[in-house]
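A.B. asks: Construct the complete structure from the given sequences, taking the supplied hints into account.
Number of protein chains: 2
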Amino acid sequence: MSTSSSSLRQKDVAANTEPDASKAGDAQGHPLSFLDLQNDSLGYAVKRAQVRTYEMLFSILGPDALSPGRMTALSIVATKPGINQSELAEMLGITRAGVVKVVDTLESLRFVERRKIPDNRRSYALVVTKAGLDELRRLSVLTQRYEEKIASRISKAERRQLMSLLDKIAT
Amino acid sequence: MSTSSSSLRQKDVAANTEPDASKAGDAQGHPLSFLDLQNDSLGYAVKRAQVRTYEMLFSILGPDALSPGRMTALSIVATKPGINQSELAEMLGITRAGVVKVVDTLESLRFVERRKIPDNRRSYALVVTKAGLDELRRLSVLTQRYEEKIASRISKAERRQLMSLLDKIAT
DNA sequence: TATTGTTATACTCTATAACTATA
DNA sequence: TATAGTTATAGAGTATAACAATA
Numbered sequence: 001m002s003t004s005s006s007s008l009r010q011k012d013v014a015a016n017t018e019p020d021a022s023k024a025g026d027a028q029g030h031p032l033s034f035l036d037l038q039n040d041s042l043g044y045a046v047k048r049a050q051v052r053t054y055e056m057l058f059s060i061l062g063p064d065a066l067s068p069g070r071m072t073a074l075s076i077v078a079t080k081p082g083i084n085q086s087e088l089a090e091m092l093g094i095t096r097a098g099v100v101k102v103v104d105t106l107e108s109l110r111f112v113e114r115r116k117i118p119d120n121r122r123s124y125a126l127v128v129t130k131a132g133l134d135e136l137r138r139l140s141v142l143t144q145r146y147e148e149k150i151a152s153r154i155s156k157a158e159r160r161q162l163m164s165l166l167d168k169i170a171t
Numbered sequence: 001m002s003t004s005s006s007s008l009r010q011k012d013v014a015a016n017t018e019p020d021a022s023k024a025g026d027a028q029g030h031p032l033s034f035l036d037l038q039n040d041s042l043g044y045a046v047k048r049a050q051v052r053t054y055e056m057l058f059s060i061l062g063p064d065a066l067s068p069g070r071m072t073a074l075s076i077v078a079t080k081p082g083i084n085q086s087e088l089a090e091m092l093g094i095t096r097a098g099v100v101k102v103v104d105t106l107e108s109l110r111f112v113e114r115r116k117i118p119d120n121r122r123s124y125a126l127v128v129t130k131a132g133l134d135e136l137r138r139l140s141v142l143t144q145r146y147e148e149k150i151a152s153r154i155s156k157a158e159r160r161q162l163m164s165l166l167d168k169i170a171t
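Residue numbers (full-length UniProt numbering), protein chains in the order written: chain R, 1 to 171; chain D, 1 to 171.
Keep in mind that the hints were calculated from the coordinates and are not lab data. Treat the hints loosely; a few may be bogus.
As the list claims (entries may be wrong) - Straight-line Cα separation of at most 20 Å, DMTMM-like style, residue types lysine to aspartate or glutamate; simulated pairs:
| # | chain 1 | residue 1 | chain 2 | residue 2 |
| --- | --- | --- | --- | --- |
| 1 | D | Lys168 | R | Asp104 |
| 2 | D | Lys116 | D | Asp134 |
| 3 | D | Lys149 | D | Glu55 |
| 4 | R | Lys156 | D | Asp40 |
| 5 | D | Lys130 | R | Asp26 |
| 6 | R | Lys168 | D | Glu158 |
| 7 | D | Lys168 | D | Glu158 |
| 8 | D | Lys156 | R | Glu158 |
| 9 | D | Lys101 | D | Glu113 |
| 10 | R | Lys168 | R | Glu158 |
| 11 | D | Lys168 | R | Glu148 |
| 12 | R | Lys168 | D | Glu55 |
| 13 | D | Lys156 | R | Glu148 |
| 14 | R | Lys101 | R | Asp119 |
| 15 | R | Lys168 | R | Asp40 |
| 16 | R | Lys116 | R | Asp104 |
| 17 | D | Lys149 | R | Asp40 |
| 18 | D | Lys149 | R | Asp167 |
| 19 | D | Lys168 | R | Glu158 |
| 20 | D | Lys168 | R | Glu147 |
| 21 | R | Lys168 | D | Asp167 |
| 22 | R | Lys156 | D | Asp167 |
| 23 | D | Lys116 | D | Glu158 |
| 24 | R | Lys149 | D | Asp167 |
| 25 | D | Lys156 | R | Asp40 |
| 26 | D | Lys168 | R | Asp40 |
| 27 | D | Lys101 | D | Glu87 |
| 28 | R | Lys149 | D | Asp40 |
| 29 | D | Lys168 | R | Asp167 |
| 30 | R | Lys156 | D | Glu158 |
| 31 | D | Lys130 | D | Glu113 |
C.D. replies: Here it is as structure tokens:
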């Protein structure tokens, strides 16, 4: 149900360190740049951006919101009505066992139903309820606000290019 | 000590869904675009990129490597020798209690030492050992390879702009 | 035999609260 | 009083392994 915002925060990203020693050499003239793994790191920049954007997301959603993963799951079921748990697991990139808990959560909130299929008694058809649709409408407004917030310092063209570049490194 | 690569993977990012219904309307002509929260989402693109880059990082580091957070901590101590745990907590964005475990790990691996300070018996001066420096050198090579891998599909100029844009949305 | 869902268990990371020692 | 470090405890998210029911 409610996921505390604090436990969701991923803050293993340090503020940029002033590189006391990263540019200098030691007494023997050896370069010390290997000390600072975060300096000029694209991977670290991505992680830092992800942490900061999550902080903004949580600040907008509030402490009792669905977790991002469960939001994604709800959205997937909505756009793929009748999907089963194994397929959902595949799409979420987690195990079937993990999806059981995700669906348990969404079902306990009455956002999703496990519907029996006449021809296949081994799997469920997952469907979003009316309450689930209402929640998605609500989340849609909030995530739109979130999108505007994180893109508030860049232009439309920059936003487009940023997404394009992110897609390239994610491939 | 060794962090299993599997448990590090953050995969709450779904593969892009074909929007079965996100562009269409329902029978009453209502738009259904609110169903797909991931469509054209910058925040989701950032998260997806972060998950994919972490997968590449783990594939290069292997299953027994330091976790990214502990790598960052080690690097910070190296660039700020004598830092104490509270300061390190601040820089990592986690609590003092959390840092205890981070330093415990690094100390058990002999990468870091808690050194007593004569004038202040309340805090430690954290320093990186010779073995810690060796590990940082090794990690530096591996993370360099990682950086090349994640940027392999974009130009130097694009990499520069990507980092610039990421910094802007992280502010 | 293979697939689907489930349960049991465990691990990482992080948090809060309460505590000790020291400043 | 305030600060630094620690311990105990808890919770979210994920994994693996073993299992029953079904295909």
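A.B. asks: Could you tell me which of the numbered hints above are not met by this structure, giving the numbers in increasing order?
C.D. replies: Those not satisfied are hints 1, 2, 13, 14 and 23.
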